[in-house]
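Undergrad: Top line first, the protein sequences correspond to chains A and B.
Numbering follows my numbering, with no gaps: position 112 of the first sequence is 124.
Numbering follows my numbering, with no gaps: position 53 of the second sequence is 612.
In case anyone wonders, no lab produced these hints; they're calculated from the structure.
Hints should not be assumed to be uniformly reliable.
What the hints assert, rightly or not - In the BS3-like style, the derived pairs of lysine-lysine whose C-alpha atoms are separated by at most 27 Å in a straight line are:
| hint | chain 1 | residue 1 | chain 2 | residue 2 |
| --- | --- | --- | --- | --- |
| 1 | A | K23 | A | K90 |
| 2 | A | K23 | B | K596 |
| 3 | B | K615 | B | K663 |
| 4 | A | K23 | B | K601 |
| 5 | B | K596 | B | K663 |
| 6 | A | K90 | B | K615 |
Claimed, not checked - Quick list of the computed label-pair ranges, beta carbon to beta carbon:
| hint | chain 1 | residue 1 | chain 2 | residue 2 | range |
| --- | --- | --- | --- | --- | --- |
| 7 | B | E598 | A | S70 | 23 to 31 Å |
| 8 | B | S671 | A | A65 | 47 to 55 Å |
| 9 | A | Q29 | B | Q573 | 45 to 53 Å |
C-beta atoms are modelled at their ideal positions from N, C-alpha and C, and glycine is treated no differently.
Now for the letters of each chain:
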Amino acid sequence: DARVTQTPRHKVTEMGQEVTMRCQPILGHNTVFWYRQTMMQGLELLAYFRNRAPLDDSGMPKDRFSAEMPDATLATLKIQPSEPRDSAVYFCASGRTGTLGEKLFFGSGTQLSVL
Amino acid sequence: GESVGLHLPTLSVQEGDNSIINCAYSNSASDYFIWYKQESGKGPQFIIDIRSNMDKRQGQRVTVLLNKTVKHLSLQIAATQPGDSAVYFCAENMQAGTALIFGKGTTLSVSS
Numbered sequence: 013d014a015r016v017t018q019t020p021r022h023k024v025t026e027m028g029q030e031v032t033m034r035c036q037p038i039l040g041h042n043t044v045f046w047y048r049q050t051m052m053q054g055l056e057l058l059a060y061f062r063n064r065a066p067l068d069d070s071g072m073p074k075d076r077f078s079a080e081m082p083d084a085t086l087a088t089l090k091i092q093p094s095e096p097r098d099s100a101v102y103f104c105a106s107g108r109t110g111t112l113g114e115k116l117f118f119g120s121g122t123q124l125s126v127l
Numbered sequence: 560g561e562s563v564g565l566h567l568p569t570l571s572v573q574e575g576d577n578s579i580i581n582c583a584y585s586n587s588a589s590d591y592f593i594w595y596k597q598e599s600g601k602g603p604q605f606i607i608d609i610r611s612n613m614d615k616r617q618g619q620r621v622t623v624l625l626n627k628t629v630k631h632l633s634l635q636i637a638a639t640q641p642g643d644s645a646v647y648f649c650a651e652n653m654q655a656g657t658a659l660i661f662g663k664g665t666t667l668s669v670s671s
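Okay, chain A solo, but in the shape it has when bound (with noise of 0.2 Å):
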C-alpha cells in the first residue's frame, strides 16, 4: 500500500536549534509539498516542487526555512534556527501533475514543539 513516509513523527526541540524532517513520497509522484498545519492558520503551504526543481515557496520564511529534494525519494525541510512559534504540524504531500487536477497524498506528519 503505498504511502508517503515522514520522519521523524515527533520533535522536541530548544530555541535555536537545527530541526531537519524528511519525507519520502510515493514512488511514481512526481509533485512534493509542504504544509503546516497550526489551530489558527489551518493548512499552510510552504513549497512545493515538481522534477525535484522548487516551484513555489512563498509561503515559506526564507531567512530559517530551507527546503530540498536530494533526489526523487527524498524531501527534507529545514529550520535554523528554530523558534517557538515554528511549533506545529508539518506535512508533506506528494502528488501526480496532470490536466484534471491534482490529488494529493499526505503523509502522517511531523509534530515539532520548539521550547
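Following the hints, complete the assembly by docking chain B onto the known chain A.
TA: Using the frame of chain A, we list chain B on its own:
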C-alpha cells in the same frame, strides 16, 4: 486575498443522520475542488473531488455539490457513522499544476 473557507467550524450529528458540510470559495477561476478528511493524529485523506465543469459528483456515501453561481461547495455524507468523526477540509486548485489551497476545516462529531 482569495481564500477557501467553511461556514461552520463544528457540526454535531446523530449516527444515521445525513451530514452536510459547507464551503465557500472566492476565486471564480478555480477549476478543481477536493474534500479531505483528517482524523486525529493523521494527515488529511482524500475523499472526493469535482471539476468546475460539473455540478455534482457521487462516491460511496458521499456527494459533492458545486454551485459556481454563488461559489459554494458542499459535502454530503449519507447515514453518518461514528467513524466519520473528523475534521473536513475543502481545497481548491486554481489551475492544473498549482498547489491546493485549503480552508480552515469543519469538525464533524457523530454521536451514537
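Undergrad: Next, verify each hint and record whether it holds.
TA: Each hint, compared with the structure:
no.	hint	result
1	A:K23 - A:K90	13 Å, holds
2	A:K23 - B:K596	24 Å, holds
3	B:K615 - B:K663	23 Å, holds
4	A:K23 - B:K601	16 Å, holds
5	B:K596 - B:K663	12 Å, holds
6	A:K90 - B:K615	41 Å, violated
7	B:E598 - A:S70: 23 to 31 Å	30 Å, holds
8	B:S671 - A:A65: 47 to 55 Å	49 Å, holds
9	A:Q29 - B:Q573: 45 to 53 Å	48 Å, holds
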